[in-house]
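Trainee: Take a look at the letters that make up each chain.
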Amino acid sequence: MKKVMVGNHAVAWGARLARVEVISAYPITPQTQVVEKLSEMCADGTLAACFIKVESEHSAMAAVIGASATGARTFTASSSHGLLYMHEMLHWAGGGRLPIVMADINRAVGPGWNIWTDQNDSLSQRDTGWVQLYCETNQEVVDTTVMAFKLAEQLNVPVMLMLDGFYLSHTAEPVDIPDQELVDRFLPKREAPYKLDVEHPHAFGALVKPDAYMEMRWLMQEALRKVPQALEAIEKDWMRMFGRSYGAIEAYRAEDAELLLVTSGTVTSTARAVVDARRAAGEKIGVLKVKMFRPFPTTLLRDALSGVARVAVLDRNVSPGHGGIFAEELRSALYDLPAAERPEIFGYVLGLGGRDITPTVIDDVIEQTRTGTVPSRADLWVGVNL
Amino acid sequence: MPETIATTPGTRAVPEVAISTISSLVTRTGSWKYQFPEYHDRVAPCNAGCPVGIDIEGYLNLLREGRVDEARDLLLAENPLPAVTGRVCHHPCENACNRRALDGAVAIHAVERAMGDLAHERPAPLLKGAPRAERVAVVGSGPAGLACAYHLARFGYGVTVFESAPLPGGMLRLGIPEFRLPREVLDKDIARVAAHGVEIKCDVRIGTDLAWDELTRTFNAVCIATGAHTSRALDVPGEQLPGVRPGLAFLRNVNSGKRPKLGKRVIVVGGGNTAMDCARSAMRLGAKVTVAYRRTREQMPAINEEIEDAMREGAEFVFLANPLEFTEKGGRVHTMVCERMVLGEPDASGRRRPLPTGERFTLEVDTVLTAIGESSALEGFFTDVEGADSGLRVDALGGTSRDLLYASGDVTDLARTVADALGMGKRAAIGIDRHLRRYHGDTTELNALRFADGNLSAARWLRRDPIRRTAAVNKVVTADDLNFTQFRRVPRHAEAHLESDIARRGFSEVNSGLSTADAMDEAKRCLNCGVCTECDVCLIFCPDAAITHAADGAYAIAMDYCKGCGICAAECPRGAITMTQDRP
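Protein sequence lines correspond, in order, to chains A and B.
Residue numbers for the first sequence follow the working numbering, so the first one is 1 and each next one is one higher.
Residue numbers for the second sequence follow the working numbering, so the first one is 1 and each next one is one higher.
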């Protein structure tokens with residue numbers, strides 16, 4: 001069934017297809033439509049979920065944590081300051097190994113107050129134990145939402161998927177809605193290994209002393225380490241059943257490329273168009289889309305980038321006092337490649353606070369990367385007018 | 001790739017989530033606390049606001065539990081005339097009701113009315129105390145006199161009520177029209193008072209038929225409850241003209257079954273219930289009625305419902321109009337000349353004071369009914385009693401300046417409503433009981449009989465309060481003390497009214513009240529402010545599972561585990577849990 005819908009509604013449809021049982025969310029621009037659509041679905045009975053209204057994002061996450069602990073499939077969505085307000089509870093979900101799925105509509109963080117997109121909200125939640133997946137299209141959003149539940153429940157890790165605010169959340173695209181029966185076969189009801197059960201009472205999240213805390217963190221690390229492989233298998237199933245897959249990373253026209261643009265989110269689509277034009281002109285340029293930021297797909301990236309001469313990382317984010325976050329992580333991942341295979345990495349910071357990244361901007365980035373000397377500075381800011 | 005580097009031999013099985021392996025009882029979280037939750041029932045604002053001193057919250061709570069007969073008995077413990085007050089009381093309880101802040105006050109008067117009517121069909125067992133030798137006379141059979149007699153009878157005294165009119169009821173019968181209070185209803189409520197052994201002697205006027213000092217000689221105590229039956233004069237020129245009449249006398253005629261002739265155009269002067277009753281009665285006799293009042297709608301002392309009914313039935317209102325004189329034509333009143341007023345600063349009553357503007361206007365009129373207030377007059381009365389000429393001065397228990405002479409109701413200088421009269425009658429009964437039993441304890445102990453700073457409870461005076469209260473604190477619970485998130489919005493039930501066209505044509509009761517089923521539903525809207533109803537919200541929300549609910553209904557808090565977080569008190573729907581920093 002094809003439908004034209006905005007990214008926010010694609011999120012809601014994904015949650016509906018996954019037959020989530022408990023939703024708790026608090027509205028915030030640009031995520032509000034997700035909450036509205038889901039509450040409509042709950043109200044009209046097309047989604048048999050309990051929708052818990054709350055007074056804040058902290059409570060929203062607390063509510064889905066409680067519900068998830070009972071074994072329910074749970075979902076929430078937030079953005080920017082809302083996500084930041086959840087921060088404590090994000091740790092609780094991660095450490096509690098609760099397979100919650102959440103959509104974050106990427107929005108810049110204030111002040112200055114800004115409702116447009118960049119990735120600093122979700123990237124600042126890097127160390128909370130959540131899987132992070134950055135989506136490019138509305139189709140990918142629907143598909144990823146469903147797959148995220150399978151991934152989360154297989155390994156008992158929470159999964160956050162990201163949509164660029166407005167560029168994806170409020171842009172309508174045709175979306176093929178997978179058949180519910182097939183989705184049900186793909187994603188059966190959740191079986192929780194531990195759950196709150198009045199017949200067998202246990203306290204969850206209670207005191208863990210130094211003699212066991214570290215072991216539990218190790219188990220968490222192990223679970224996250226298994227994510228890329230698990231996702232690959234899940235995507236294979238999805239491909240078989242629905243004919244689409246995305247990958248933790250995706251190389252586009254990267255064969256024999258001497259220069260690769262490393263992107264995430266909607267800027268990938270723009271980069272694809274630029275690369276198509278460059279390829280037509282005979283230039284050996286490609287795109288490497290990084291969908292998964294946590295766990296960081298180190299092995300996949302080393303394989304994909306080893307031997308490429310120059311890499312331009314497009315970061316719609318910045319770690320103040322350091323550089324673009326994807327670029328820094330990538331440098332770290334590639335550091336111990338043999339010198340001959342290690343690409344020169346150009347880290348660009350651009351598009352913050354929703355500033356448009358046009359084909360012209362990407363052309364400038366390509367020119368700079370191709371002709372520039374290897375920068376001593378970690379971060380190259382594109383288009384700063386001072 | 002993450003790897004482990006073993007620094008100690010051997011591994012242990014560690015679950016991937018922090019799940020308890022032993023009971024959490026080992027963690028005595030109680031040591032963390034600096035404040036303590038305590039169950040304290042407090043006072044619902046309706047109870048404190050009821051001039052009668054009815055345990056409204058108590059009987060609504062019994063109704064919620066389906067204990068209808070017990071609810072009836074609890075209501076009757078304080079109020080001898082619930083079918084009457086359910087119809088005519090100005091219900092300050094509803095103004096006080098905390099549910100106003102949620103979705104509208106509980107329609108307490110409508111529930112009371114239904115209970116009053118129910119008590120006629122299913123009479124309560126008569127409660128009579130151990131018989132006492134003393135006899136008490138009550139002068140006047142209005143609400144104050146009946147209340148005093150009723151409670152005294154229930155305390156065990158022989159009581160005789162003297163009434164100057166042919167039938168008992170006082171202002172309830174002579175002042176309030178049938179379309180507000182059907183006589184059959186009044187008769188049944190009075191019959192229950194009489195059934196307690198109260199002797200009611202009608203057509204006896206004390207001071208004329210029987211001297212006051214003879215009365216005080218014959219009886220051990222006397223309570224004066226003769227009311228206020230004289231319409232206050234306007235004191236303006238032309239007031240003596242034919243066609244200008246005291247409203248009260250008019251009502252007395254109509255209420256005695258007479259149908260006095262009125263002119264076509266009637267002006268009622270005043271804004272109280274007597275004025276509204278005059279206006280509505282006059283309309284029923286075919287007159288075109290205008291109400292002239294010197295302030296505005298907001299300051300009218302009449303019950304809101306009655307103002308609305310009068311308006312619905314077609315009365316016109318001229319506000320900010322102060323009569324200056326009446327002019328005559330052909331020997332009868334012809335016009336009322338008024339001065340236009342303007343509202344100034346609030347006066348002692350808290351209402352904005354009308355101030356003259358000098359602007360005059362004239363209304364043509366055939367009959368004027370004056371209803372600007374009533375005063376009391378006592379014939380052949382003791383001249384040495386304080387307030388004998390202006391309104392008797394009484395103490396907290398109705399005692400006048402003369403020993404064993406008590407007073408209640410409109411004859412005193414206190415508030416003039418049916419509810420206040422019933423409350424004063426009860427206070428006088430308790431005062432007389434204390435006095436005759438030579439019980440002269442400290443009057444501060446009376447505070448234990450009150451609902452907060454409200455009226456006294458007869459049930460508490462008799463030590464027969466059937467409601468179990470947990471460590472009660474005599475303080476009113478405000479809306480801020482409640483947790484409204486625990487309550488669903490339920491609209492207040494509306495009473496059915498006669499169509500105004502039909503109502504205007506006769507004297508049938510206009511407000512037909514709520515059906516019994518609706519009244520029982522309405523009772524369930526009570527939030528039980530300040531009173532534990534064993535709803536278990538505290539127990540459910542306690543993060544330490546430290547609260548247990550015993551079979552007898554009592555809650556216990558395991559202080560070894562209560563960490564003093566205060567969630568129980570914050571979540572309690574009705575403010576029945578108090579946090580204290582005083583170690584219990």
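No lab work stands behind these hints: they were computed from the structure.
One thing to keep in mind: the hints can contain errors.
Distance condition first, Cα-Cα at most 27 Å in a straight line; then the derived DSSO-like pairs of lysine-lysine [as the list claims (entries may be wrong)]:
{"hint": "1", "chain 1": "B", "residue 1": "K188", "chain 2": "B", "residue 2": "K264"}
{"hint": "2", "chain 1": "A", "residue 1": "K2", "chain 2": "A", "residue 2": "K209"}
{"hint": "3", "chain 1": "B", "residue 1": "K33", "chain 2": "A", "residue 2": "K209"}
{"hint": "4", "chain 1": "A", "residue 1": "K53", "chain 2": "A", "residue 2": "K2"}
{"hint": "5", "chain 1": "A", "residue 1": "K3", "chain 2": "A", "residue 2": "K236"}
{"hint": "6", "chain 1": "B", "residue 1": "K33", "chain 2": "B", "residue 2": "K128"}
{"hint": "7", "chain 1": "B", "residue 1": "K563", "chain 2": "A", "residue 2": "K209"}
{"hint": "8", "chain 1": "A", "residue 1": "K195", "chain 2": "B", "residue 2": "K563"}
{"hint": "9", "chain 1": "B", "residue 1": "K33", "chain 2": "B", "residue 2": "K524"}
Not the full set, but computed from the structure, chain A residues with beta-carbon under 10 Å of chain B [said to hold, decoys possible]:
{"hint": "10", "residue": "P27"}
{"hint": "11", "residue": "P210"}
{"hint": "12", "residue": "I234"}
By construction, the Cβ of each residue, glycine as well, lies at the ideal position given by its N, Cα and C atoms.
Trainee: Please verify whether K563/B and K209/A have alpha carbons no more than 27 Å apart.
Mentor: Cα-Cα ~21 Å, so holds.
Trainee: Per the CB criterion, is P27/A less than 10 Å away from chain B?
Mentor: 19 Å, violated
Trainee: Hey, K33/B versus K209/A, does the alpha-carbon distance stay inside 27 Å?
Mentor: 23 Å, holds
Trainee: Regarding the pair K188/B and K264/B, is the alpha-carbon distance no greater than 27 Å?
Mentor: 36 Å, violated
Trainee: Does P210/A hold up as a contact with chain B if the rule is Cβ-Cβ below 10 Å?
Mentor: Hint on P210/A: violated, closest Cβ of chain B at ~12 Å, above 10 Å.
Trainee: Can the hint on I234/A be confirmed by a CB-to-CB distance to chain B that is less than 10 Å?
Mentor: This interface hint is violated because 20 Å lies over the 10 Å limit.
Trainee: When you check the alpha-carbon spacing of K53/A and K2/A, does it fall within 27 Å?
Mentor: 31 Å, violated
Trainee: Between K3/A and K236/A, does the CA-CA distance stay at or below 27 Å?
Mentor: 24 Å, holds
Trainee: K33/B and K128/B were given as a pair; does the straight-line alpha-carbon distance stay at or below 27 Å?
Mentor: 51 Å, violated
Trainee: Please work out if K195/A and K563/B have their alpha carbons no farther apart than 27 Å.
Mentor: 25 Å, holds
Trainee: So if I understand the rule, the pair passes when the alpha-carbon distance is 27 Å or less; does K2/A with K209/A pass?
Mentor: Answer violated: K2/A to K209/A is near 53 Å, above 27 Å.
Trainee: Under the criterion that the straight-line Cα-Cα distance not exceed 27 Å, is the pair K33/B, K524/B satisfied?
Mentor: Roughly 37 Å between the alpha carbons, so the hint for K33/B and K524/B is violated.
When held up to the earlier numbered hints, the structure conflicts with 1, 2, 4, 6, 9, 10, 11 and 12 and fits the remainder.
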